[in-house]
Structures are given as C-alpha cells and as structure tokens.
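First to last, the protein sequences are chains Y and G. Using the working numbering, the first residue of the first sequence is number 280, and each one after it goes up by one. Using the working numbering, the first residue of the second sequence is number 185, and each one after it goes up by one.
To be clear, the hints were calculated from the coordinates, so they are not data collected in a lab. Don't take every hint at face value.
[Said to hold, decoys possible] No more than 35 Å apart at the CA atoms, straight line, and that leaves these computed lysine-lysine pairs for DSBU-like: (1) Y/515 <-> G/489; (2) G/721 <-> Y/515; (3) Y/464 <-> G/489; (4) G/639 <-> G/581; (5) G/639 <-> Y/377; (6) Y/515 <-> G/432.
Predicted model, so just to flag it, every value in this text is computed and none were measured.
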Amino acid sequence: MIWLLALQLAVGPAQHYEKAKEDFAQQRLSEAVSEVDAALHESPYMVPALILKARLATFAHRPDVAKSCLITAITVDPTSEEGQFYLGLLYYVQNDFKLALSPLQAAQTLSPKSPLPVFYLAMTQEALGDEIKAQDLYQRAEDLSPHKSPQSAEILVAYGRFLLSLGRTEDSIEKDRRAIEADPKSRDAHYELAKGLDYEGDFNNAAREGERALTLPDLDTTDAQIHFLLAKLYRKLNEPDLAKAHLEKFQAAHQTTDK
Amino acid sequence: MLNLRAQPLLRSFLEDGKPGQSAASPILFENAIDTSKIDFVLKNSVSPQRYSIETMTGGVAVFDYNNDGLLDIFFTNGAEIPSLKKSNPSFYNRLFRNNGDGSFTDVTEEAGLAGAGYSMGVATGDYDNDGFVDLYVAGFNRNQLFHNNGDGTFTDVTERAGVSGVIPGRGKPWSVAAGWFDYNNDGLLDLFVVNYLDYSISTAHSCQTDNIVDYCSPNEYRGTPNILYQNNGDGTFSDVSQRSHISKYVGKGMGVAFADYDGDGFTDIFVSNDTFPNFLLHNNGDGTFTDVALEAGVAYNESGKTVAGMGTDFRDIDNDGRPDIFHAAMYGDSFPLYRNLGNGQFEDITDTTGLTAMTTRFTAWGAGIFDFDNDGNKDIFAAGSAILDNSMEVNHKPYPLPNFLYRNLGNQMFKDVSAQAGASFFASAAHRGAAFGDINNDGKVDIVVTVLNGKPQLLMNRSPNHNHWIILKLVGVADNRDGLGTKVKITTANGVQYNEATTAVGYNSSSDKRVYFGLGNATVVDRIELAWPTGVKQVLKSVAADQILTITESCGPQLGGSLP
Chain Y
280 MIWLLALQLA
290 VGPAQHYEKA
300 KEDFAQQRLS
310 EAVSEVDAAL
320 HESPYMVPAL
330 ILKARLATFA
340 HRPDVAKSCL
350 ITAITVDPTS
360 EEGQFYLGLL
370 YYVQNDFKLA
380 LSPLQAAQTL
390 SPKSPLPVFY
400 LAMTQEALGD
410 EIKAQDLYQR
420 AEDLSPHKSP
430 QSAEILVAYG
440 RFLLSLGRTE
450 DSIEKDRRAI
460 EADPKSRDAH
470 YELAKGLDYE
480 GDFNNAAREG
490 ERALTLPDLD
500 TTDAQIHFLL
510 AKLYRKLNEP
520 DLAKAHLEKF
530 QAAHQTTDK
Chain G
185 MLNLRAQPLL
195 RSFLEDGKPG
205 QSAASPILFE
215 NAIDTSKIDF
225 VLKNSVSPQR
235 YSIETMTGGV
245 AVFDYNNDGL
255 LDIFFTNGAE
265 IPSLKKSNPS
275 FYNRLFRNNG
285 DGSFTDVTEE
295 AGLAGAGYSM
305 GVATGDYDND
315 GFVDLYVAGF
325 NRNQLFHNNG
335 DGTFTDVTER
345 AGVSGVIPGR
355 GKPWSVAAGW
365 FDYNNDGLLD
375 LFVVNYLDYS
385 ISTAHSCQTD
395 NIVDYCSPNE
405 YRGTPNILYQ
415 NNGDGTFSDV
425 SQRSHISKYV
435 GKGMGVAFAD
445 YDGDGFTDIF
455 VSNDTFPNFL
465 LHNNGDGTFT
475 DVALEAGVAY
485 NESGKTVAGM
495 GTDFRDIDND
505 GRPDIFHAAM
515 YGDSFPLYRN
525 LGNGQFEDIT
535 DTTGLTAMTT
545 RFTAWGAGIF
555 DFDNDGNKDI
565 FAAGSAILDN
575 SMEVNHKPYP
585 LPNFLYRNLG
595 NQMFKDVSAQ
605 AGASFFASAA
615 HRGAAFGDIN
625 NDGKVDIVVT
635 VLNGKPQLLM
645 NRSPNHNHWI
655 ILKLVGVADN
665 RDGLGTKVKI
675 TTANGVQYNE
685 ATTAVGYNSS
695 SDKRVYFGLG
705 NATVVDRIEL
715 AWPTGVKQVL
725 KSVAADQILT
735 ITESCGPQLG
745 GSLP
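Same shape as in the complex, but just chain G (with noise of 0.2 Å):
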C-alpha cells in the first residue's frame, strides 16, 4: 500500500466565471509597439555570475512631460557590467514623445535624459510647482533627479536637490523604486526611496541550484532601509528619514503605493517587500511613521507566511471608500488583496474572491488597479514572468509568461479574462514594470509593460464596450500641483465610487497622475467631491460623462464642468 502524505503545495486555476453571472462585453488589448515607432529593447546585460541587479531593472512611466494633453512615455535601462556605466547608447534611458498619431518621437538626448548606472525605477511628480512633471530615476548605483524645464529639456538636478539616495553612513543603496506624495501636506510633493538588498557586485557571491548558476534568493542578503526626503520648497530636500522613523524598519523593498487608508487627513505608505513582512507606514500626522502591517494584517499573506512582494497598488476596489492593496507575487504565493475593513484592519480576500486559484501558479511584477472596461468596477493587471532566466532549467517552469487580466465581477469576485484580452494577453515574455494611462485620450486606460532584453508593450485598450467614463486632470493650488494625494468620491445614478490621486503604482514604474472612472451606463456624474491634502474640499455637480475635466482646486472646473 503506498503510503505518502499528500503534498498540496500548489493550488492554482484559471477562473472561469461563476453561475449566474451574465457574458459582460470583453476587455479587449491590442499591442501597438510596431507601429508607435517606440525603438527600445531594455538591456539588463545578463553575466554569467547571475548578478541579481539584471533580473531587476525596467521601469516604466507614462507622464505628459510637455503639456501637449499626451501621455509621453519613458523607459529605465540597464548599463554595462561590471562598469555599471551606461557605455553606449543602447543602454540609455529612453524618453518617447506622444505625437498624438498612435506615433512617439525618441526625444531622449534633447530631452537630456539619458541617464547614468544602473536604472532601476521611475517616480513622475511636479516638485517645484511649476507646472511641469520632474522625474525621480532610481537605480543600483545612480539615483537621478531630473528637473523639467518646461522647454522640453530636463536638467539632473540630484546633487543641488540632496536626493541622490547615498545613507550617511551607509553609502549608495541599491534603489528599485520611488514614489512622490505629500506626508505632511504643505503643497510640496516629498520623495520616498524604496530600497532594495544590501548588495554589491563586487562582493556578491555566486549561487547556484543543482549546479546551474542562478540568481541568488534575497535571503541571502541583508535588508537596506527606505529615504524619506521632504521637499524644502526651494529645490532643495532634506533626508528626514531618521526624523520620520522611516529608517527604523528595514526591509527588502520592491513596490511603494500612497494612500490614507484609516482617513486621518495623512497619506499612508505601503511598501511591499521581497520574502520579508510588508510596511505599512501609518502616518502619524506629527512628520513620523509608524509601521502597522503586522495589527493591520498586510504583513503576511493569510497563512502567516511571507511572500515575493513585488509590484503593488492601493486603491479602492469594492467602492467603500476605504484603500485597499494589491501586490503580485510569486508562483505558489498567490497574490494577495488585502480589504480594507475600516477600522485599522485589513482582511485577506485573496482566497474569497477567486484569486488564490488564479495567481498561484504565475509570478508577476508590474500591477495596477484600473476600472479597463468602465463598468464602475475596478480590475487588476498584473505582468507576468518568472524570476530566474534558466527559471526552466532551476524549477521547471517557464520564465516568459503572459499579462494577466482580472475582471473585477462587482460582488467580491474576479474573473481571470485574460484569455478574452486579445492576443497580446497570449504572448509570454519577461515582462517587469507595467504604467497605466489613457494614451490616446479615448477614454480608456492603456498599458505599457516592459520585457527585458525586448521591446516594450504598448497595450492598446481596444474594449468594444460603451461604457462612460470621466478623466480627471487635477491641479493644486494650494496644494501640490499634480494634486497627488487628492481623495476623489463620484456619485452617479448607479452609486458611489472613490479613488486617489496618485503616480505610485507597481513595480519600478509611475502611472499617469489623472484619476480614472468608468461610469457604466451613467452620462452624468451628478456630483464629483475632492478632498485635497491640505484640507480644501470641493464638489462639483451635474458634470457631463466622456470627458478629461481639469479641476484646478478650489476653482472650479476649468471646462466641461456642467451639462452642455
């Protein structure tokens, strides 16, 4: 009789809609990279001593650096190794211009932005108010501020700012990602620095599975604490991450994403980290942080385990006006959606709404939580691939794997739909950061993911729905300018939906800093409330659906804000 214990180690399958549930049109991605004229392959330079830094890289942002009403699109790149310097030109960063045909213009040296080492991340934000987006590039070896001049050039600024991401003491840690918001909402977006492993290519040491030399676990090497830096209004930054506690939890991180998730009027941090507990940074309103994720519940998965935090969102996604998070994992992790209950607690849904069986199989690092089809629901994407590039080699599963899509069903339930997303959603890759915003001003939230030592995605939202939808271009006043921070509630004849300004999501890479709903069937928003960070609320009543409304704070609307 054989006698072995059951190992159910794996639980993993693709949903497949539920009883009851009516056929909704499809979200549909069409991949225009070929014909958008973007060139550029992400290099990460791959070694034969597997340094971990290559299986890292690939931000991406979508921001409008010339006020043009286009997204533009930028890339991280890697640089050479061991020089760690970007040595020619096929290891620049890449800033791409929305011509505004489906058609972008590689504007990266006139633009000045090139870069220096070993990119990592990307963070957009106006810093100095002046109406411009700036761009924060986070790397291994080289953190860079680059300031926009507002004349389609950028000037690096890091070393006036203060912000080169150097720890006193500690010397250069090695960044993957950075976020802006407002801690202590003056009207100046600060900088926070996510850090990775205390790690150095000259002393990291090779490692290796059943003889095949691979990418080393990042429990082989120690955590690095995240940098807070607060904006001094004068192009300058201060390092106040001792100050704020933010240097007291150390960590392995990987995604940051902003919200007030208890309410206080203070914008919250979550960092997700790599085999080690997430930070929940509550912000104490006094220019510290305490971290909460262990009381709250988003430490851990739900089994008390810790797992591959990677890219991360934190959003409202049941519309109750609380944030919740999202952040992908690795295979056989699953990855987590922690609910917001309100009270300072988190509930671990991953399970309950289906998603358990359809992430633990897959490993992926760009996220977001985006209503793609406009029904009202928000949706999650996640990019997908595995760690290692000899991943079949190592653990017998594939290393490219395609982008998953899942359809939020409106009743706590999602539904895998990324086999109805289009061809794109077939194609597997090693896919790393994913940004998230209306690229040609349809309506419609587009993606692009980059692929390392491979062209990026443009992922076209295609969706043949007829759903309505408004776009909100938001501007501070007193407030920081991009509005970052800003609490946004919309009421609509089929009920009340809640989202964040915000430029922080996923892995490596910064999204666009409009606020998206989808209406549904509704062609009026009968009434838009902001809460702006310093306090100021504003309603707006009977605004037209189908519509990008700038909202300049406490001004009004500047156009389309009432019914035609």
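Next comes chain Y alone, as it looks inside the complex (with noise of 0.2 Å):
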C-alpha cells in the first residue's frame, strides 16, 4: 500500500505533463491527452497544462475545449504569456477579429521582443481593416523577427501579401525578395515574387520564380496554384506548349473553395 501512495506520489502533475509534452512533440496524441488529462487531474490549475491542452484539443477540432482551458489559464496566470498568445491565436482563426486583439496586445506587452503576438496583432488588424495599424504592426514585426530565419520569411511573405493587396506591387516585391534572403527554401515567398513580377512586367523572372516554388516543399503555397501562375506567364511569354502543360497540371491539381 505504501509502495503503492510513494508510486502515485513520484508521478505527479508535472511528471504527466512532461510526459504528455513529450508525447505531443512526437505527435503520439492521444497519448498526451491521456497524460495531460491526468496532469489537470492532479492539478487542475496547472497553466502549461492547461495550454497544452488547449492545443492538442486545437488539433482534435475542439475550439471549444481549447478556449476554456485557454481561459482558466490566463485567469489563473494573466502573466503568461503563451496563454494569452494561444487565445488570441484562436480567436483569430475563428475569425472573432475584436476578442483576439486584447489576449495578443496582453501577450505582446508580455513579452515584448517576441514578433508572433505582433505578426498576429497585423494580421488581426488588417482583418479588421485597419491599414494604418496593420502597417506599424507587420513593419514591428519584421523588426523584431530574427534575421534570416524561416519565420523572418513568413513575416516577410505576409507583409507583402498585404502591401500587394493595396497595390503596392514595387513594396511588395522588395519584402519577398527579403524573405528570399531569410530563408532561400521558403516557397511561398518565390511564388509571391513570381507574382509581383508578373505584375511589373517581368515575365522572364517571374516564370524564373514560379519553376522555383514548384521546386520548394509544399507547405502553403500549393502546386495547382503555382501551376496557374506559370500557365499564364508562359502564356505572356508566348510559349504556348509550356502553358499548355501548366494548365493541364493545373486542371488535374486543382481545389475548390468551401462556401
């Protein structure tokens, strides 16, 4: 019996929730559910626990179970700053623009040289259609990213997209080319200059940079999308056989959107 008590005592919350971060890096998720339901057993106010939480339930589809676990984790811990980053997260990809802007703002504040909260402050704002806003943000963001890494190019690719979006093709342009540098794999961003290209007129380089993204691990950007470029530049430069076959490619890869 005391063996028994020593046992359950030498696997306590924090052991489970090791376990189950352990578990949830290795993609073992139902494991970690098991062990971070039996962290939040012993512990119910656990907040890494309960953040892990959040997330594995992010992936089961649950938004409902994660924002409640995200809830109970800021209000037990309004200094965390994953807490609060993980809210807003969800609240903006549940498209709730307005509820996301407090967790990120208190997350930025939090932890101030992070750029995630500011990158997703941007994204909130252009969301919510403030432009002036967003700009000071993604520029913030771009600041504080580290240099030449994968997420200085996401940041980079985003905040062109958006400048694209105003018609800011030459400023857009210049922020691809600087996610090229950050990181020289990132597809999206060769796929976003092809773009910019195209518009400025520069067919040569922008098929030069489409071939590239379909070169590129598929993350984002996908082949049909990239094979739809291509077609249509190919097109411009006159090369009908090789828009020919991109768009045929383009037919047998592509998506459709859900209303």
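With the hints as a guide, bring both chains together as one complex.
Right, dumping it as structure tokens:
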C-alpha cells in the first residue's frame, strides 16, 4: 500500500505534464491527451498543462475545449504569455478578430521582443480593416524577427501580401526578395515574388521564380496555384506548349473553395 | 519559444486614398424608400431546416413598362415553404409604377404580375419588338414569361412561348437569374436562363456547423446546366441548349452578363458560378458556344482557386474599348476584377487596383459597373450581406453588411468611398439584388437594392458634382427593339469612352436598358458611334450633353441630336 502511494507521488502532475509534452512533440496525440488529463486531474489549475490541453483540443477540432482551457489558464495566471498568445490565436483563426485583440496585446506586452504576437496583431488589424495599424505592426514584427530565419521569411511574405493587396507592388516585391534572402527555401516567398514580377511585366523572372517555387516543399502555396501562375506567364511569354502543360497540371490538381 | 506558422488568411483594408490624389466631389446617395410609397417586404420564409433557396431570392428590375419615360420597379418575392406557393399577397412579386414625383404606386394586381412559385431573378427585354418591355421571372419551381400588352397589363405566356425552364429528362431546375440578348444577330432577343444547384426541398438534407443548423454549402450538391432559348419571332422559343452546346457546361450559376469581349460581332456570355469555375461562353457565330474561361483567365481567381461567384457585370472599366469583368464574391475571396487584354486574355487586376484589400473581408451579392459621379470613369457598386442568417453564430461574422462603393480613380486604382456615400451606406442589411438606372431622369445613376425580410433601398444619387452626362435610349429597327448588344463609343474633349447596351447586370436583377455616360466637364459629345448587333453602324456628331437622347437605328436622333 505504501509502495503504491509512493509510486503515485512519484508520478505527479509535473511528470504527467512532461510526458504529455514529449508525446505531443512526437505526435503521439492520444497518449498526450491521457497524460495531460492526468496532470490536470491532479492539478486542475496547472497553467502549462491547460495550455497544452488547449493545443491538443485544437488538433482535435474542439475549439470550445481549447477556449475554455485558455481562459482558465489566463485567469489563473494573467502573465502567461503563451496562454494569452494562444487565446488570441484561437480567436484569430475563428475570425473573432475583435476578441483576438486583447489577448494578443497582452501577449505582446508580456513578451515585447517576441515577433509572433505582433505579427498576429498585424494580421488581426488587417482583418479588421485598419490599414495604418496593420502596417505599423507588420513593420514591428519584421524588425523583431530574427534575421535570415524561416520565421522572418513568413512574416515578410505576409507583409508583402498585405502590401500587394493595397496595390503597392514594388514594396511587395521588396519584401518578397528579403523573404527569399531570409529563407531561400521558402516556396511562399518565391511564389509571391513571381506574382509581383508578373504585375510588373517582368515575365521571364516571374516564370523563373515560379519554377523555383515548384521545386520547394509544399507547405502553404499549392502546386496547383503555381501551375496556374506559370500557365499565365508562359502564355505571356509566347510559350504555348509550356502554358498548356502547366494548365493541364493545374486542372489535374485544382482546388475548390468551401463556402 | 512559440513556433506557429503564420496563417495570413484574410487581407482586408479600407482603401484610404493614395498620395497625390486630389479630393474629388463625393458620390452621395440618399435612401428615399420611406417617401417613395413603395410598400414591399421581400419574404423568404425562413425555415428551421434552412433550405438553401431561402437565402437566394431578391431580384429587382428597373424598366419603363408603360413608356412614360420613367423607370418603374419590379421586385421578385419568395413563397411559402414547403408548398412553394404564393399562398397570400405578402408573397406576390410586385410592380411599382413611377409617378414621376418621387412616389410610386403598386400596380401589381392590375398588371397581372403577382406571379407563381418561389421567385428569384428577373430579366427585362422586349422579345417581340412591339415597343413594350416584357418580363421573365426565374424561380426555384416556376419560371414565367410575362408579355407586356402595352395597356398596363401583362399576360403569362410561358407555356405558349415554351420557356418554362424545364429541361427535358431532368425536370425543372432551380433557376436563379436570366438575361436577354441576341445571340444570332437576327434582330430578336433570345433568352439565357441561369440555373444553380440540383436541389429539391423534398430531398434536401440539413447541414450543421458546430451543431448549428445552417445553409448547406453548394459543394453539397451537383450543379445544373443553363438554358438557351432561341426566339422564333412568332411568340415562341426553341430550346437550343444542346445544339448551341450551352448544356455541355454544367455549373452552379449565380450571375450572367453579356458583352462581345473579342469584338467579333457576336455577343458572348459570362456566367459567375458559385464555388465552381466561371464560364466565359464564347459565341462562335455559328449558333454554338465554347467555354473559354480557363484559357481566357476568368475561370478562377489569380491564385487558381474558385470563388463563390455572385452578381456580375461585363463592361469596359478602363475605357480601352474592351469589356472587362467584375463579380462579387464571398469573404476571403475578394471581388475579382478581370481586365480584358484584347487578345482573348484577361488579367486578374484585383490586387493591383487595390480591390483585394477593400473587398476580402466582405460578402456581396448584387453588383454593377456604372459611372456614379459622371466623371467619365465607371465605378463599382456591390450590395453587401453574408450568406447565412446565423452567420455570427457559425462564422463569427455579421450577417447584415453595408453596401460598398468603389470609386474608379481613372488610373486602374479604386478607392473605397462607401463611408462618404451617405447614411444609407452605413445601414447594414441582408442585401441581395441591385438594379441600376436613372429613376428621376436627372442624369445620375440611382440604385434599387433588395433586402431579405426587409424593405428595399431606393438609393437616389444626390452627388453634388456638376459633371455633365448623356443617356442614350436605343430603338432598334433591324435589330432588337431595345438595342441590347449595341456597342457605343463616344468621343468628347476628355477622351473616348465605351459602353454596351444590356439589362443583364448583377445578381437576380435587371437594370435599365439605356446606355449611360458621364462626361466630366464636357458639354458636347463630339461623336457617338454605334455598332448595332446586326452590323449596322451609325454615327452622330456634336451632340449636346445633359439629355436623354433617343437614337433610332439608322435614322439618327429623334430629338436633341445637335448643338442648340
């Protein structure tokens, strides 16, 4: 009996949490859920465990559970940067942009040198239609992001897209070029640069960037999108065979949007 | 360290002007519905099951049914669900006669236009060339052709004319819209019917998001082919959908617009499809059509994705003589603008014109390209509203939205001027169809917008500018009486402009057949060149501005044709 009690004490909430974290990192999600539930069973207000449970719930398409966990987490510890950030992020991906502002701002205040809260604030302000605030925040996110890293490349690509959506093609191209410097293997950056160059009439270089994008790992920009762009570019370059080939590849892979 | 991937899903900004642009006189509208005596509420019969048809109705037409020179207004209406019958007068379609003093009189019952079934769209055109504009009403379970008898009454001639919208072997598909045009240049208006989903109330399933019942995505259902009826000239039509290859192209149509995009003398068709590639049906000139949307670059947006296409317009937006294409869409899509490059190709210029930022976070239905401030550059209007009436619960986005107005700055850039367009542009509502025309003949284009389960909006253009204008009322002789399909080029001291006569504009709706031009500070139109569909060319010179000019084919102007 004493032996059993000792064992239970030995595997306390912290150990369950550490095990859950490890399982999560290894993508063993059901094991991670069991462990994090065990941690929270013993310590219901353990903030890191609440946040991890929220992340697992997001994977399981249970935003209601994630939201509940994160609200509990930041109620217990309003200084949890992670808790505030993930709650803001959750609201952002659910299109609750107004609700996303407060936790993202709190995360930014708690971690003023972290680029991600600022970056998501930029995208949130963009979604809310405040162009001036969004641009300021994008710039700050760019300034904060570590140079020549995939993260800074992603920020620059989003910044460039934002500028392109305003019709500021040259500024957008400059961001895309810097994104490629930061992460030469960013497919998104090469694709966005190809689009910008297309708008500028530089079809040869646009096609070169598009072809380069096709060779890079598919994360956000799909093959279909690139084939579609290349078909257009090769038509402009009077290369009908190449245009046709890319159009056929596009048709084979094309996507539809959900309503 | 937090390490999440960026998800820049939504890009949306209200355009706030560009450096170096001078302040222009505002485009201003006033909603005059309360003083208009138009007593109409669009009823869609919301059901607990959320049948998809409920969110789709709301057609409106502006046309002069009694030839008194004043535009009258016709609204389509829903029906009881599930009977799909207009079981009481609150479901009637309604015709309001323009009294000329800002007020309207409901003449529905004396006109015989109450209609039947769950109505959606309306198309106006004088199909028998008798000088009185006729009406085609497209609906979920009934399509009806109403012949204008010329005495204030209409007769339902659907069966005799053979335009019931039934597809042999398939039954009656869900028709959303229709449009009149002369596809074979024989001087008779033909009829194109836009069909949507293969959908039945009796077999429709329920859709849910997070346990909330909502309207199903169109991806849940197959599409249906559109229909082309050829006018036989004797009051009857022949279904030529197969022969013309129209029925080959099965989509999920929402809007239709016509223009001769390649200048070959035959009117082409653009159909905006919902979450499905758009159609650009090239008129081959031999009675057949070929969908060239993919090759032309208008099937998908610039990312190669389908969008939820809504109302559309097909007009030259940059005065280069080539009709361009705009259509409204759903939030996250942005509202695409395709520029006609003139070689059979279009370029998606939504980003470069600034429209992406202005439109991405919104959904809109009705749409139109008109020069609302008469400065010589056509602007864009879009009637905003989300799709789901429980959008806030399901998508965390508001259902009612305001209308949107994008001013054409003349340099291939647009500016969102909605916030300066008057109080009516702050009013969020479940807007649907929009029809365009000068209701009070003051030279400024007005807009009528329908609202689901609400009163329509009568947006009278009160823009305080002193720009000049000209409105052309075409009368075909060898051509169709309405002159639909006629290409018009005008030359003034400020340059050249182009437009094309059409009533097929936007979503569910039909606009004034007259052709509108804003002239800026030009008081004279040096030259008006008309190319009628049958090939007749006509030129008028030195025409005074600020008039509604009737031009009869090959006979010159009937009044005001020269400088006073």
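Please name the hints from earlier in the document that this structure breaks, with their numbers sorted from lowest to highest.
Every hint satisfied by this model.
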